[in-house]
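Using the hints, position chain B with the ligands against chain A.
Protein sequence lines correspond, in order, to chains A and B. The first sequence begins at 1 in full-length UniProt numbering and counts up by one. The second sequence begins at 1 in full-length UniProt numbering and counts up by one.
Keep in mind that the hints were calculated from the coordinates and are not lab data. Computed from a predicted structure; not experimentally measured. You can trust all of the hints, since none of them are fake.
These stretches of chain B come out as covered by chain A in the derived footprint (C-beta under 8 Å, 3 or more residues):
# : segment
1 : 184–197
2 : 200–213
Have a look at the derived ranges for each label pair, beta carbon to beta carbon:
# : chain 1 : residue 1 : chain 2 : residue 2 : range
3 : A       : Arg127    : B       : Lys207    : 29 to 35 Å
4 : B       : Arg298    : A       : Asp168    : 45 to 51 Å
5 : B       : Ser183    : A       : Gln192    : 44 to 50 Å
6 : A       : Asp219    : B       : Val101    : 52 to 58 Å
7 : A       : Lys179    : B       : Leu86     : 55 to 61 Å
Every residue, glycine too, gets a C-beta built ideally from N, C-alpha and C.
Now for the letters of each chain:
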Amino acid sequence: MLEVNSLSAYYGLFQALFDVDLRVEEGECISLIGANGAGKTTLMRALVGALKVDSASVLFEGQPVGGQSERQQLARGVTLVPEGRRLFPSLTVRENIELAQHHGRPGKWDAELLFQELPALAEVQNRMSTELSGGQQQLVAISRALVTNPRLLLCDEISLGLSPYAVDEVYRLLNRARKDGMSVVLVEQNVQRALAEADRFYCIQKGRVVLDGPAADADHHAVANAYFGV
Amino acid sequence: MARPLMLTIMRLLTPTLEFDMLVFIETLINGLLLGALYALFGMGLSLSLGVMRMINIAHGDFIVLGAYLSSVIVMSTDLGPLASLLLLLPLMFVIGWLLQVVLFNRVVGRDPLSPLLLTFGLSIVIQNLLQEGFSADTRSLPAGDLALQGVELGGMSIGVLPLISAAISIAVFWFINRLIHRSPVGAAVRAVADDQETARLVGVNDKRLFAYMTGLILVTVGIASVLYGMRTPFSPASGPERLIFSFEAVVLGGLGNLWGTFIGGLIIGVSQLFGARIDTGLGPFFGHLVFLLALIARPQGLFKGGKS
Ligand SMILES: Nc1ncnc2c1ncn2[C@@H]1O[C@H](COP(=O)(O)OP(=O)(O)O)[C@@H](O)[C@H]1O
Ligand SMILES: [Mg+2]
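Same shape as in the complex, but just chain A:
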């Protein structure tokens, strides 16, 4: 479904990604594992069009789509849950979700279905997003991405700073959405969880993929080495 071929990404003169190769199959979940500053966020931003990259370095269903705008990637079904949630503080919970729904793809997920699935959110739908707990905010951030009805969902640090209970709730929602065949790319600081949720993993170190393979038989020692860069 998605194929990344020797992708390089730059911030001005600084090169953040070097020849990254990666693929995601239909319905698959992959984890990107790496220390802070390794380039995970950069890779995801490149995939949704927030960062300009070479056209041929990103193939979606065989078509070169690298460097196209966020709206074009969204229309194709590639959506990002950004690091730090980034809800709009001037919008209510419902407005946050409906804004994305309005600009996204038509499909099964909409605000009503989400409020059905998450009664706790339904109760606070008319509050400003800043009034919610961290866990609830993260659920809104994921909901906001789901209502665009993505085929490939990119999740950047969706459990950061949440209580264990809130983390479980976040993954419950994610797995609920995966049942319909949606593919997921996950960035998760908790390596155990990252491997448990994913089918395959990629270790990224200083902008390069240094290790990859099926998550089930990952060598935890090798992953830790790749992570810490020993």
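This is chain B with the ligands only, laid out in the frame that chain A set:
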């Protein structure tokens, strides 16, 4: 207790005049009415700052341009100035839309200096073009009977034209505020104002939204232009002073706060007219003075913390 205190304050405010309650109230009302027009001047500036993080130095020159365009319409058709809005406002929308698409979208969202420089240049260009096209002479929009009519109110006379412009200003503020806070398009506008990068991630077409926004801003400018031109003579060089009054209203009210801008405009209008009571030439100076004092007391603006 409160009454003697108020009398003292009023005496302080009008030191050269025998204290006169009627004069005080009349000045206050006229100041509020003038201020409502200044608020309308400020609205466009407030919107472009709040939504696009962009200061348009040519804002005052657009107000003057609108007044000239209205005068051209009035002279070449048999429409009056108020009726000229029917043609002027669509024209202003198109001008705003084009400006954003052709010029401003190239510089917004980057460093704040580029829009400043670009619109500074634009301001000079507009002033020169107006001078070429219409000479440096002042002109005004024919207000007809409206300019002379007044409403008698307990011994005071309040002009009908200022009353009409204040009512229009309030209506425009009410409408734009509703548009931004109670409509789906408004939600997109607020989202872009909050976080442009993330708004793009959820599919908002920020550049297109900005184009409509600047079109809308120039519509509010067009309305302000006509009300202004009916009440005050203008010349190609009148723009910068309009910009300053607009700017004072916006900054006083707190950046990105629409009703704050409205109140800011009222304060500038009232200050100017009380200043003018002390000495006819002192009006604008008094407005600047109150602006500076208020800014020293509350650098963040009077109503910061409200929603945009
Ligand atoms: N906006 C930016 N401008 C310049 N450099 C950046 C920017 N964002 C990230 N970087 C740099 O790019 C590298 C990768 O960052 P990032 O992708 O955020 O890492 P990760 O998400 O893995 O923690 C880091 O060295 C970081 O300092
Ligand atoms: Mg990151």
